[in-house]
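Fit the two chains together into the complex; they arrive one by one in their own frames, and the hints show the way.
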Amino acid sequence: MEETASPPGVLPANWYDGVSAVRHEGTARLSGESALVLEEAGQPALNVPLGDLVSGGALASQLLYQRVSQPDFRLRLPLDLPPDFATALPQRRKYGGWVDRMGLGKAVIAFTAVSAAAVALFMTAPEWLGPMVPPAWERQIGDAMVGDLGGKLCHTPAGDAAMAKMLAAVDPAETKVRAGVANSGMVNAVALPGGQVMLFDGLVQQAETPEELAGVLGHEVGHVRERHVMTAILRQFGLSILLAGADSGIGNTAFGIASLGYSREAEREADEYARARMAAADISPLGAAAFFERLGGGRDDEDGQENGEENSEDAREENALIGWIASHPSSGERAKAYRNAATEGKDYPPVLTDEEFAALQSMCDEDEDVEEFDLF
Amino acid sequence: MQDQPGADSAFQFEGTWQEFAPIAFTNLLLTIVTLGIYRFWATARERRYLWSRSRFVDENLEWAGTGKELLIGFALAAIVFLLPFFIISQVAQALVLRGQEALGGLLTLVSFLAIFYLAGVARFRALRYRLSRTRWRGIRGGSDTQGWQFGLSYMWKTFVGYLPLGLLVPWSMVSLWNERWSKMSFGPHQFTSEADQGPVFVRYLLFYLAPFLMFFGLTIGGAMFGGAFGMMSDGDVDPDAIGAGFIIGILLFVFGFYFVLGLIAVAFYAAFYREVVGAMRWNSVGFSFTASTKEWIMLLLGDVVLVVFTLGIGYIFLSYRHWKFFITHLEADGEIMLDELTQSTTATSKHGEGLLDAFDVGAI
Chain S
1 MEETASPPGV LPANWYDGVS AVRHEGTARL SGESALVLEE AGQPALNVPL
51 GDLVSGGALA SQLLYQRVSQ PDFRLRLPLD LPPDFATALP QRRKYGGWVD
101 RMGLGKAVIA FTAVSAAAVA LFMTAPEWLG PMVPPAWERQ IGDAMVGDLG
151 GKLCHTPAGD AAMAKMLAAV DPAETKVRAG VANSGMVNAV ALPGGQVMLF
201 DGLVQQAETP EELAGVLGHE VGHVRERHVM TAILRQFGLS ILLAGADSGI
251 GNTAFGIASL GYSREAEREA DEYARARMAA ADISPLGAAA FFERLGGGRD
301 DEDGQENGEE NSEDAREENA LIGWIASHPS SGERAKAYRN AATEGKDYPP
351 VLTDEEFAAL QSMCDEDEDV EEFDLF
Chain W
1001 MQDQPGADSA FQFEGTWQEF APIAFTNLLL TIVTLGIYRF WATARERRYL
1051 WSRSRFVDEN LEWAGTGKEL LIGFALAAIV FLLPFFIISQ VAQALVLRGQ
1101 EALGGLLTLV SFLAIFYLAG VARFRALRYR LSRTRWRGIR GGSDTQGWQF
1151 GLSYMWKTFV GYLPLGLLVP WSMVSLWNER WSKMSFGPHQ FTSEADQGPV
1201 FVRYLLFYLA PFLMFFGLTI GGAMFGGAFG MMSDGDVDPD AIGAGFIIGI
1251 LLFVFGFYFV LGLIAVAFYA AFYREVVGAM RWNSVGFSFT ASTKEWIMLL
1301 LGDVVLVVFT LGIGYIFLSY RHWKFFITHL EADGEIMLDE LTQSTTATSK
1351 HGEGLLDAFD VGAI
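Heads up: the protein sequence lines correspond to chains S and W, in order. Anchor point for the first sequence: position 131 equals 131 in our numbering, and the numbering is continuous, going up by one each time. Counting from 1 along the second sequence, just add 1000 to a position and that's the residue number in our numbering.
Here chain W stands alone, though its shape is the one from the complex (with noise of 0.2 Å):
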C-alpha cells in the first residue's frame, strides 16, 4: 500500500475556533477554580482537540498525552531541580551574608550554568515528549537519547554562538536544530536535518545594519518633527515647544527603535523556520514551512488585536491561533509505505514535560 500526499498539501487544519472556544472557556473556568492545577489537563485536552483536527495526508493525528502526565512531569521538575536551586541559591545568599562573597558567588555561578544545561536538556525532551504522545495512524515518535548529550552541545554552541558579538547566534540555532531533529524518530524512520545557516545569517545582518540606518533617520526624523512642533506653536520659533517637540521626537525614536526591531526579528525568524523546517526530511518524506515573514506579522498582530480588544480573554485562544499557523503552513511531499511504517521502539518516559515547564521555553 503506498500513499501520495495530495496535490494540495499533505498537512490540513480541520478545525473551527467555534468548536475551539467551549474547550478554551471551560478549561480556564476549571484552572481558575482549581488555583491553576487544572492547567496541566487544561494542556492536554486543548491538544488532544488541535491534533485530532490536524490532518497528514489521508489521517488526523492523534495526542496520546494526558494530564495527569504533565503534573507529574511538573512535580518531578519541581523536587529534582527548582527544589535544589531554590536552597542553593538561599545557601549563596547566606555565605554572602556572612562574608564568604567568593564561595557564595561560585555556588551561584555554578547553579547557573546547571540552570543552562537543563534549559538545552529539557528543550531536547520536550520535543521528544511530544513526538512521542503524537500517533498518527496508530504510529507514535520519540527518540533513542536522552538528551543529556544535546545540553551539553547547547550550552557550548549557545556560548560560542554569543561570544564573537553574536554573529554566531545563527550558527547555534540551526546548528542546534539539526542536532536535536537528527536524533528524533516516527515509526521506524530517522528524521534527519541538515538546515544550513548561510541564508538565515544574510537575514540576521539586519539586526547589525538596522541601527545604523534607524539612527541617522529617526534622529533627523526626530529633530525636523521637534523644530516643526516648535514653529507650530504660533509661526515664531519658540524654544520651549522645540524642546517638547524633541522630546516627544526621542520617544518616537524609542519606540521607532524597538518597533523595527521586532520586524526584524519576526523577519529572522520567517527566514529561520523556512530554512530548518525545508531541510528536514523523514525517510522519503521532504517538508517544508511556506510562512512568509508578512505572514508572520499578520499573526503576530491578530494576537494582539484579538488580546487586547477582548481585554485579555482573546489569550485562551491563541494557541489555537498558533497551531493553525503551524499546520497550515507546514507542506510535505515524498511518498509513505505504509507497510514498512512500523511502530517505534524508541522508549517513552512516563511523565510529560515538566522540565521545560520548569524553564519556560518553546518546545519547538
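Pulled out of the complex, with its shape left as it was, chain S reads as follows (with noise of 0.2 Å):
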C-alpha cells in the first residue's frame, strides 16, 4: 500500500466496520478533543468519541484500536502517531493494563515483593493458623480424613482403665484427647488428626516400665496440645495445593501427617510437654529416658530376655525402632533431657501398678474382637 503524504492533522487509516469483510480505506482526524473523524471517499464520515475507543496493541506497522459500543470494530493507525494524537488516543496496551500503566520495570518489582509476601503468608500459614482452628473442627477434620478406627483398637476392661488412668496423668484437661492401642506389632506411636493417640502393640510389648509408655503417651498428647497436628494437616493441605494434581491420597495423607510430618521443633515441645505433664503428675522420667536410650541402642546390653524372644526376634524389631527413631530427634539428647528432668533422690510413685501395667500388655491378646491394624 502506497503512502500518501497527507496534510498536518490527518492520517492515513483502515478500518473494518466489523459487519463484513470490506476493507474502508480513508483519512482520519482529531474533532476537538472528544472525537475522531474517520472519512472515506464517498461515504459519509463516521464520527468516534475518542472514550469509546480501547488500544488492541499494535500490529505489524500499524497500531490497533476498538470500539467499546461495536467490539468487532476495527480502526488501523500508523505505528508512528504525531504528538496530538498521541495525547489524544488511549495508551497503547502491551503488557495487560496493570503491566502497562505501572512501567514493566516497577511492575516487576512491585509483583516480586506481592509475590514473595504471599509465599512468605502460605509458608508460615500452618503455623499462625493451625492454633486458631477451634479443637472442635480439627475433631470433625480428623474423623473424616481417619474414619473409625475402632475395631482395630484392643479393648479390654482392665487395659481400658489402665489407660485412661494413664492418660489422666499426662492429659488433665477436660475433655481427653482420645487414645488407645493399636493392634500392630510395629514398634512405634502416633498423634493422628482429630485429637486421636495411638500407642502400637509393638511398643506397648517393649516398654519395660509404664514409666516408658507414659514418656510416649505425654509426647503424642503433647502433639495433640500444642495443635502440632493442625499445624501439619495445613501444611499438607497447602502442599497439595502446591502440587495440585499430584496423588494425594487421604489415607496416605493421615498417616503421613502422622508419621513424619512434625518438625524438630515441634518434637521438642511434645517432649516439653510430656516432662512438664510427667512432673506435674509425679510421673518418674527415668523410664522415658531408659527407653530412648534403648532405641538410640545406648544400652545394646539391656536386652528382653525376659518375653523368652529369640535374637532373630530381637533384630526384627530393633529394625521396627529404626521407623521411630528415623522421624525423631536424637534419641541420645531426649534421654539425657529426660534424666535431667528427675529430681535427685525423689521416690516417685508407679504410675500404674503392677496389674495395670500387665493388663495393657495383655490388651491385644485378650481383646478377641480385634482386627489386625493395617495403615496402608
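Please keep in mind that the hints were generated in silico from the structure rather than gathered at the bench. Note that beta-carbon positions come from the ideal geometry of N, C-alpha and C, so glycine has one too. One or more of the hints may lead you astray.
Covered stretches of chain W, going by a simulated chain S footprint (3 or more residues, C-beta under 8 Å) [as the list claims (entries may be wrong)]:
| hint | stretch |
| --- | --- |
| 1 | 1031-1040 |
| 2 | 1053-1063 |
| 3 | 1137-1151 |
Dropping the structure here:
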C-alpha cells in the first residue's frame, strides 16, 4: 500500500466495521478533544468518540484500536502517531493493564514484592493458623480423614482402665484426647488428626515399665495439645495445593502427617509438654529416658529376654525401632533431657500398678474381636 | 469484490524470532514474578503477536482474546470441575478407608467417566474459543453449539476405537475431527470436513508391524553386538564380557524400540494432518497441509536441540516454532467473496479455554 503524504492533522487510516469483511480506506482526524473523524471517499464521515476507543495493541506496522460500543470494529493507524494524536488516543496496550500503567520495571519489582509476601504468608500459615482452628473442628476434620478405627484398637475392661489412668496423668484437660492401643506389631506411636493418639502394641510390648509408656503417651498428647497435628494438616493441605494434581491419597495423607509431619521443633515442644505433665503428675521421667536410650542403642546389654524372644526376633524388632527413630530427634539427646528432668533422690510413685501394666500389655492378646491394624 | 488467494500460498508467516524474543522473555519474567498468574496474559500476548504476523491472502489475522478471559476461564474450570473432582476423590478414598470399597470404587469410576466426557467437551470448546477470538478483516468464527453433544461422541468413539486392539483408533480420530470441524464456522460460512480414514489407517498399521520387525532385527543385532563386545576384549571369548555386551545390546534395543515407535507416531500424525486438513472446506475455499514426515521430524529435532542447548530457556520459543510450522505448511485455494463475508452470528463465550487448560489437551 503506497503511503500518500497527508496534510498535517490528518492520518492515513483503514478500518473494518465488524459487520462485513470489506476494508474501509481513508483518513483520520481529531475533531476537538472528544472525537476522531474517519473519512472515506464517497462515504459519509464516521464520528468515533475518543472515549469509545481502546487500544488493541500493535500489528506489524500499525496500531490497532477497538470500539467499546462495537467490539468487532477495528481501526488501524500508523505506528508513529503525531503528538496530538498520541495524547488524545488511548495508551498502547502491551503487557496488560496494570503493567502498562506502572511500567515494566516497576511492575516487576511490585509483583516480586507481593509474590514474596504471599509465599511467606503461605509458608508460615500452618504455624499461626493451626492453633487458631477450634479443637472441635480439628476433631471433625480428623474423623473425616481417618474414619473409625474403633475395631482396630484393643479393648479389655482392665486394659482400658489402665490406659485411662495413664492418660489422666499426662492429659489433665477436661476433654481428654482419645487414646488407645492399636493392634499392630509395629514399634510406633502416633498422634492422628482429630486428637486421636495411638500406641502400637509392638511398642507396648517393648516397654519395660509403665513410665516408659507414659513418656511416649505424654509426647503424643503433647503433639495434639500443642496443635502440631492441625499445623501438619494445614501444611500437608498447602503442599497438596502446590502439587495440585499430584496424588494425595487421604489415607496416606493422614498417616503421613502422623508419622513424619512434625518438625524438630514440634518434637521438642511435645517432649517439653510430656516432661511438664509428668512432673506435675509425679511420674518418673527416668523410664522415658531409659526407653530412648534403648531406642538409640545406648544400652545394648539390656536385651529383652524376659519375654522369651529369640535373637532373630530381637533383630527384627530392632529394625522396627528405626521407623520411630528416623522421624524423631536424636534419642541420646532426648534421653539426657528426660534424665535431667528427674529430681535427684526423689522417690516417684509408679504410674501404674504391676497388674495395670500387665493388663495394658496383654490387652491385644485378650481382645478377641480386634482386627489387625493395617496402615496401607 | 473478489480475491484470489495468491499463487504462492494463501497463508504466510511474517514473524521473526528476533521480534518474538522480547515478548517471550518479558512474558517469562512476568510469569515468574507473579508466581505464574501472568501466564494467561503471556498467552494472549504471544498469540496477538503470532496471529498478527500470519497473513491470509491480503490481510493479517488478529487475536482478540485477552488474558483476563483466560484467567476467568481457568478459575471457572477450577471451581466448577476441579474442586468437585477433588472433593469426590477424597470422599471416595474415605469410603474405601471405611471399608466401603464398592461404593468408593463406583464413585471413582463415575468421576473418571465425567472427566473423560469433559475432556471431549474441552477439545470442542477450545477450538470454538480460538475461532471466536480470531479476526480476519474484522470477521470472526465460532460455533452455534456448545460441545455437550461432541463430548458424548468423544467418549463412545474413543472407547470403540480402542476396543478391537486399537485398530479403530484412526477411524475415531478422523471421525471426531470431521464432527468437530463441521460444527465450526467463520463469518457466515460453515466449515465442512469429510476426511477419510483410509490413507491414515495404512500409516497406522505401521504400529502393529513395527514391533515384529524390530524385535527380530534388534534381537539379532543385540546378540551380535553382545558377542562382538565379548570377543573384542581379548580375542578369546570372555563370557562375562558377552554378558555385559548383551545388556548393552538390550539397552540399545529398548532405546531403539521407543525411538522407532516415536518415528512411527510422527509418520502417522504427518499423514493424519495431511488427510484431515486436506478434507476441509470453508465455503468455496479448500485447505491443505503440506508438512511431510521428514519436516515434522526436523521440527521436533529442532525443538529438542533448541531446548537442550539453551538449557531449557529455548522452551519459550517452541510455541513460535510450532505456529510458524503450522502457518507455513497450511495452504488454501478457492475464492472468497468479500461482500458476502459478513460477521459471524455465533454466540461467544465470555471466558477462555479454561476447561481445556484444566485437562491439558491441545486444541488443534
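Going down the list of hints, with the structure as the test:
1. 1031-1040: Answer holds; 4 residues pass the 8 Å Cβ test.
2. 1053-1063: holds (count 4)
3. 1137-1151: Answer holds; 4 residues pass the 8 Å Cβ test.
When each numbered hint is compared with the structure, no violation occurs for any of them.
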